[in-house]
Each structure stands twice: as C-alpha cells, then as structure tokens.
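Undergrad: Got two chains here, each in a separate frame; can you build the complex from them with the hints?
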Amino acid sequence: MGRRPSGLASHGAGPHRPRVPFTVDEAQPLASRSPARPLSPHLGIYRWGPHMLVSILHRATGVAMAIVGMPILLWWLAAIAGGAERYATFSWFFTQLAGGAIGYLVGIGMTLALFLHMGNGVRHLFLDTGALFELRRNKLSSLAVLAFGATATILFWFYVGVVK
Amino acid sequence: MRTAIGQVRGLGSAKAGSHHWWNQRLTAGSNLLLMLWFVIVLARMPAYDYATARETFASAWRSVPLLLLIVSVFYHLRLGLQVVIEDYQHNESRIVALVVLNLYVVAGLAIALFAIAKIAFGA
Chain W
1 MGRRPSGLAS HGAGPHRPRV PFTVDEAQPL ASRSPARPLS PHLGIYRWGP
51 HMLVSILHRA TGVAMAIVGM PILLWWLAAI AGGAERYATF SWFFTQLAGG
101 AIGYLVGIGM TLALFLHMGN GVRHLFLDTG ALFELRRNKL SSLAVLAFGA
151 TATILFWFYV GVVK
Chain G
1 MRTAIGQVRG LGSAKAGSHH WWNQRLTAGS NLLLMLWFVI VLARMPAYDY
51 ATARETFASA WRSVPLLLLI VSVFYHLRLG LQVVIEDYQH NESRIVALVV
101 LNLYVVAGLA IALFAIAKIA FGA
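Quick mapping for you: the protein sequence lines, in order, are chains W and G.
Residue 95 in my numbering sits at position 95 of the first sequence, and the numbers go up by one each step.
Residue 104 in my numbering sits at position 104 of the second sequence, and the numbers go up by one each step.
Some chain W residues judged to face chain G by a derived CB distance under 8 Å, without partners named:
| # | residue |
| --- | --- |
| 1 | 59 |
| 2 | 62 |
| 3 | 63 |
| 4 | 66 |
| 5 | 74 |
| 6 | 77 |
| 7 | 80 |
| 8 | 84 |
| 9 | 87 |
| 10 | 114 |
| 11 | 121 |
| 12 | 122 |
| 13 | 125 |
| 14 | 128 |
| 15 | 159 |
Restraint-style ranges between C-beta atoms, simulated for each label pair:
| # | chain 1 | residue 1 | chain 2 | residue 2 | range |
| --- | --- | --- | --- | --- | --- |
| 16 | W | 53 | G | 91 | 26 to 36 Å |
| 17 | G | 2 | W | 147 | 56 to 66 Å |
| 18 | W | 104 | G | 65 | 20 to 30 Å |
Don't read these hints as lab results, they were simulated from the structure.
For glycine and all other residues, C-beta sits at the position ideal for the given N, C-alpha and C.
Chain G extracted, bound-state conformation (with noise of 0.2 Å):
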C-alpha cells in the first residue's frame, strides 16, 4: 500500500515551510507603526463625536493608513488565530474553525474597507 507520506518522501520541501512564521513578522512590523499610529490618532481627536469622527477620517491622509492598518492587522490575527486553533482544535473541529476563521478575516475585511471607503468618498 503507498501512504501518503511515500509520495511525498524524496521530493524535498515545499518551499512553502517558512512563510506563515515570516509573513507573521513582517505583518508585526507594519503592526507596530500602523497601531502606534493609530493610537496617536484616536487620542489627539478634538472629541468623539459623529461630526469629528467623520472629519477625522474623511482625510485621504488618515483613511489610507487606516486601510493598510485594516489589512496589516487582519493578515496578522488570521495567522496568528490559525496557530491557536490548531494547538487547541484537532480532527472535523480544526476544519470548521479554520473556515470559520477564514469568513471572519473576509467579511471584516469587506465591511472595513467599504466603511473607510465610503467614509473617504463622502458618507
């Protein structure tokens, strides 16, 4: 009988091995500066209502940081969630958690950049 680790013995790596550990660094990087960024931006707002919150973000200035800031951050969970899953879930549960994960990051990922874009073109 020819398992599945026969047919793929000999055939060397799939020189995919170390690219969820890197692209977790770098999401971390880009993580770093975006949300001190952020940070900086949430707390110098003159105040937090709709009128200025709007404003705020209406600035292509700050809706296109916020955009990558969106997708760095998403990147990062998504990978980060996957690792965690598959320390805890094992089997038929691993599966629906790791799909269930994969709607999570997509549809957030939707409804944030059409809200950031809606919010830049004129809400």
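Chain W on its own, in the form it takes in the complex (with noise of 0.2 Å):
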C-alpha cells in the first residue's frame, strides 16, 4: 500500500511537531516496519493468513458442490433408477471420455471440497460457541482444517484405488 500524502505528515511540521494519529514518519518509511508491529486495519491493508484462505474455501466448496457434485449425485441416482444403458452412459462419460480424466478430476475434486467444506463446518461450530477466536487458536484450527481436507482425500482414494 502506498504512503500517506506527505501533506498529513507535514502538519505541525517542525522539530517537535505533535504525533499526529495515522501519520507515517518519512524516516521510517513502510517497508522496514517492524514485523511484530500490528498492521492497520484497513480494506487494502492485511497479511494473508489461513484463516481467510479457509474462509473463502468454504464459500468456495460449497459452492462447487452445489452446481457440480450435485448435479452429478443426481445424474448417477437417476441412471441406476433408468437401467443398465443410462448407467453405461454415466460409467462412460466419467470412466471412459478424455482417458477418464473427467472421472479422476471431478472425484478428486468433490472429495477435497467435501472434506474441507466439512472440516470447516465443524470449525465453524465451535466459533458458533464463541471458542477459536484467539489469534493463535483461530489460525492453528484454520491449518487443522487445510490438513484434514488433503488427509482424508489421499486416505479416501488410497483406501478406493490401492487397499481394495
């Protein structure tokens, strides 16, 4: 973000002009700010932090799950309900079209966003309670829940592909 006008900084100007709130000292421009130092709380002014990562992925699975996984739920019940040719149908397009890449894609996919939308749904429960809002906790819960999306899709696809 770039600096205040230095016509803000310049008031009182002098060798002992008042500390103005929100002024930037030139001397000590942004870039060399101390990083312990809180950031302002301001639209453009944040750090990237998981918390907001798995905020934006939660809209973002739920979303997907909802206009894509759905739909493909739906597609699978109705051609088990619609006979052996609808299904090979279904088998195909996800099997079968594009070396089966649509399959691997889509089903990877819907299991990460399911396990991650799930994790934190459960996350989101307990923030509900008032619990997790502690900066350390709030971003240690935030990781817990990146982790548990990757665990239980690799266990799920190991589990489907290698152990059976």
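TA: This is how it looks when you write it as structure tokens:
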C-alpha cells in the first residue's frame, strides 16, 4: 500500500511536531517497519493468512458441490434408476471419455471440496459457541482444516484405489 | 407519506430472524453424519458397475439414509446459496437468481427422491 500523502504527515512541521495518529514517519518507510507490529486495519492493508484461505474456500467448495457435485449425484441416481444403458452412459462419461480424466478431476475435486467444507463446517460450529477466536487458535484450527481436507481425500482414494 | 419502515416500526421482531441461521446449523449437523455415512458406503462398495450400484441402494438400510441425505443437503445448499446470492447480486438479478435457486432445489429434490424410490421398489 502507498504511503499517506506527505501533506498529512507534515502537519505541525518542525522538530517537535505533535504526534498525529495514522501518519507515517518519513524516516521510517512502511517497508522497514517491524513485522511484529500489528497492521492498520483497513480494506487494503492486511496480510494473507490461513483463516482467510479456509473462509473463502468454505464458500467456494460449498458453491462447487452445490452446482457441480449435486448434479452429478442426481445423474448417478437417475442412471441407476434408469437401467443398465443409462448407467453405461454415466460410466463412459467419467471413466472412458478423455481417458477418464473427467472422473479423476471431478472425483478428487469433489472429495477434497467435501472434506474441506466438512472440516471447516465443524470449525464454524465451534466458532458459533464463541471459541477459537484467539489469534493462535484461530490460525491453528484453520491449518487443521486444510490438513484434514488433504489427508481425508488422500486416505479415501488410497482406500478405493489401492487397498480394495 | 407513510413509508414501509414506518409501517413495521414498533411491531417487534418478525419472530423469524434466527430461523435461517439455526436451520443451517441443524442441517450442517445432519449433513456431517449423513455424508460421513455416504462416503463410507461409497468407499466400501465392492465394485462400481450397474448391478452393484443398484443392489447397494435397493436395500432400505441404504435408501432411507440416502433419502434423508438428499433432503438435508438440498436444504443446506438452498440456505447457503441464498446467502451467496444475497452477497453478490442486487436488485432484479437477485430476485431472478433466488427464483432459479428455488427451482433448482425443487426439481433436484423431485429427481433424486423419485430415483431413490424407483431403485428401492425395483428399477
């Protein structure tokens, strides 16, 4: 983010100018500020963190499952109800077309979306009680959600593809 | 001139303020249990051909939970997508998007419930 206009900082110019809130000392540019100091809360001034990542992923995965995953589940159920021929079309689309790439992409994508949304959903139930708002716990629980999503997806496909 | 806000002032709450929020939490809980069950059923299917799929969900032990899962997930996604639409769409397009969402949910529910019933009662 850019500096404040120097017009503001020069308010009360002189060696003993009064401390004005939210002005930037020209001798200490933003780039060299101590990273331990908190950032000013403002729309454009923030550092990306895992809590933001799981927040937007929760929405993205929810929308993805609603408009991609659910229609596929509907197609699958309708194909089972519709008979062997309908089921063959479904199977072909996900296992034969483009060498089965669609099946892998959607299958792994949807399980990852499910487990991320599930993990963060549970985290949200804790947040609803007023817990996990401390900075450290909020960050750790966000990282735990990401770890759970990846681990559960790997375990699921390891079981289906290798163990069985 | 009497505005819309003047007509509702002093009448108290509509008694439905937390309804959306609370039902989203309730369906989050039922989704959690039902989706964990569904993922385990999917993973443990001996094969993924037509006969196995039909046989798996012909049993009442699986078609009834699957029915519950469909209802719970559709309710949850209906509430969730409503919030997303209200965040990004305004004016007329918001109304259109919300109507399309409701049509999607009702049509999807009908397709899923009919398919599950047909499988259970002998496709």
